[in-house]
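Undergrad: Based on the sequences and whatever the hints tell you, model everything.
Here the protein sequences come in this chain order: E and X. The first sequence lines up with residues 1 to 318 when you count with the working numbering. The second sequence lines up with residues 319 to 636 when you count with the working numbering.
Since the hints were derived computationally from the structure, they do not count as laboratory data. Treat the hints with care, since some could be wrong.
Said to hold, decoys possible - A few chain X residues that don't get close to chain E, going by computed Cβ distances all over 12 Å:
| no. | residue |
| --- | --- |
| 1 | ARG360 |
| 2 | GLY373 |
| 3 | PRO407 |
| 4 | PRO455 |
| 5 | LYS467 |
| 6 | ARG526 |
| 7 | CYS571 |
| 8 | GLY575 |
| 9 | TRP630 |
As the list claims (entries may be wrong) - Derived coverage of chain X by chain E (criterion: at least 3 residues anywhere in the stretch with Cβ under 8 Å from a Cβ of chain E; other residues may be distant):
| no. | stretch |
| --- | --- |
| 10 | 374-388 |
| 11 | 460-466 |
| 12 | 479-488 |
The beta carbon of each residue, even a glycine, is placed where N, CA and C say it ideally should be.
There are 2 protein chains.
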Amino acid sequence: MKAFVTGGAGFIGSTLTDRLISAGHDVVVYDNFSTGKEEFLREALASGRVTVTRGDVLDQSLLTASMRGCDTVFHIAANADVRYGLTNPRRDVDQNTLATFHVLEAMRANGIGRIVFSSTGSIYGEPDVFPTPEDAPFPVQTSLYGASKLAGEGLISAYCEGYGFRGVIFRFVSILGERYSHGHVFDFVRSLRADPTRLTVLGNGQQRKSYLYVGDCVEAMLLGLDRAGGKVNIFNLGADEYCEVTDSVGWICDRMGVRPRIEFTGGERGWIGDSPFIFLDCTRLRSLGWKPTLSIRDGVIRTVDFLQAHPWLLEARA
Amino acid sequence: MKAFVTGGAGFIGSTLTDRLISAGHDVVVYDNFSTGKEEFLREALASGRVTVTRGDVLDQSLLTASMRGCDTVFHIAANADVRYGLTNPRRDVDQNTLATFHVLEAMRANGIGRIVFSSTGSIYGEPDVFPTPEDAPFPVQTSLYGASKLAGEGLISAYCEGYGFRGVIFRFVSILGERYSHGHVFDFVRSLRADPTRLTVLGNGQQRKSYLYVGDCVEAMLLGLDRAGGKVNIFNLGADEYCEVTDSVGWICDRMGVRPRIEFTGGERGWIGDSPFIFLDCTRLRSLGWKPTLSIRDGVIRTVDFLQAHPWLLEARA
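TA: Here it is as structure tokens:
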């Protein structure tokens, strides 16, 4: 396959790029390097099977030209800063909804009909059913991030129906692991390195969340693409367990060898639009033969180790 | 109330404008007159309670300036040409998704927090449950129209959650009645006036559809706005019956006194993305006290009479 990976220099995109190369594929990475990092592509570039274009997914003509000759698009680029939707709503609309439209139009212009999309469990809003299956009751959106990703899913599905595309959509839980560069583990590790005596936790710490190790996530994407036979294929992608934020805090502190005083900001949610309980039913993907190799706890610990070994990443966003 | 009605010169928007005025409200109509008609606003303008701005919902600064001083927004402007999504996908994205984002941003800039939105039953794609309730299993989108409207719904819901807006979202079936200016009754009447001996019907004619009379639609919107107490309120809006396309053809031909030879283009769907069965469960809105006054058959007949009495409308699009 000749794969086109938007956001291919980012956390998940670069891990996917490495995996595609190791499986013998060629990759075109397309990234604006707003959060992506050249460092993450070092091994991939050494393989000689990767070309990199520095460009924005909103630049339709560059995107279309760069995609030429590819047969499969992994659309991973996104505004993944879930928490800040309300300070800049245009960013979610541009980077998650319009960007997906641009990717689809570039595919159509190039005659490419296979797309893999990183959606999110946030599109379930605050569901009533746990674990939440893909065909849960039609949810009400609670975050701009979720709404903007749902819009992307809808466009992809309509292109599959209308233009004969084949789509594989994954609704991710939060992803952890090497190259992880934003999210609660990042924030906690950075804070504890600066001051190991205290830690502020958003909400009451009892938010229940599910996480998945990035290696398991990338394997799932390739397996789903390979084995899903439908026109539009939608898969939840997460661990079959969840933890409370305080569990995660405990694992992080143990690994770092610190015993901070924990201060909770209070409330059931960490921020407006934060879902207090995310736990996805991943039976559909598991029935195709996928299963995660790391527990949430092991994923958190591996992430802590990675961040401790790469302090420049923590400083880059300080 | 001082209402701001996008698409206020159109079929549904102008009917709503008339109804708002007769209830003693003031109205600002905002319309680009791409399908809206000055003729539809004649009575409203005579009341002295309407101001009209000719502008596009994509013009953020004009939209924001025009909305000043209003307290409730009825966002009715849309690309309603469901069938042509695939010839111009950007139109659905611009006119239905981005336009809704612009309306929300204009509201935020003006401190307006009440929005009524005309969504569509098309967002259910091809559901398995009939009549289809609002919390049907999470659907897969089958048309750009549906996908672009679902994106609008998601943004509105996220603004309600994030900025304290109150939203009332109606998922319309096809609307019929006076000022109706596109859709199957329009096409059939125009065709039969040109040649009463034959009629081409898209699909096999057995598509099952639900329709609602525009007067009942407008009453429902005002009642829903008045009585729905939640932050995000989502209502199906349709008749509690459906008909086959061939039923509708029969009523139209009877009313026009013609007996054409019917030619079916064949297939279960009239076009790609056409849902072969639309029938919404409207229990939620009915439980607030709303019910339609006209049957589908009576709505179709009234529409035929209106079109026959206003042939300039048929010619305007010929």
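Undergrad: Hints first: check each against the structure and report whether it holds.
TA: Taking the hints in turn, this is what the structure says about them:
ARG360 (chain X), annotated as away from the interface, keeps every beta carbon of chain E farther than 12 Å; the closest lies near 37 Å. For GLY373 (chain X), the condition that its CB be more than 12 Å from all CB atoms of chain E holds, with the nearest at approximately 20 Å. The beta carbon of PRO407 (chain X) sits about 7 Å from the closest Cβ of chain E, which is not more than 12 Å, so the claim that it is off the interface is violated. Chain E draws PRO455 (chain X) into its interface by the beta-carbon criterion, the shortest separation being 4 Å against a cut-off of 12 Å.
Distance to chain E contradicts LYS467 (chain X) as a non-interface residue, since its nearest Cβ pair spans about 9 Å, not more than 12 Å. The non-interface label for ARG526 (chain X) is consistent with chain E: the shortest C-beta to C-beta separation is roughly 19 Å, beyond 12 Å. Non-interface status of CYS571 (chain X) relative to chain E is upheld: no Cβ of that chain comes within 12 Å, the nearest being about 32 Å off. Every CB of chain E is more than 12 Å from the CB of GLY575 (chain X) (nearest about 39 Å), matching its label as outside the interface.
Every CB of chain E lies more than 12 Å from the CB of TRP630 (chain X), the least distance being 34 Å, so the non-interface label holds. With a threshold of 8 Å between beta carbons, the proposed coverage of the stretch 374-388 of chain X by chain E is violated, since 0 of its residues qualify and at least three are required. Beta-carbon proximity to chain E at under 8 Å applies to 6 residues in the stretch 460-466 of chain X; the threshold of 3 is reached and the given coverage holds. Given a C-beta distance limit of less than 8 Å, the hint that chain E covers the stretch 479-488 of chain X holds, as 3 residues qualify and 3 suffice.
In summary, the numbered hints that this structure violates are 3, 4, 5 and 10.
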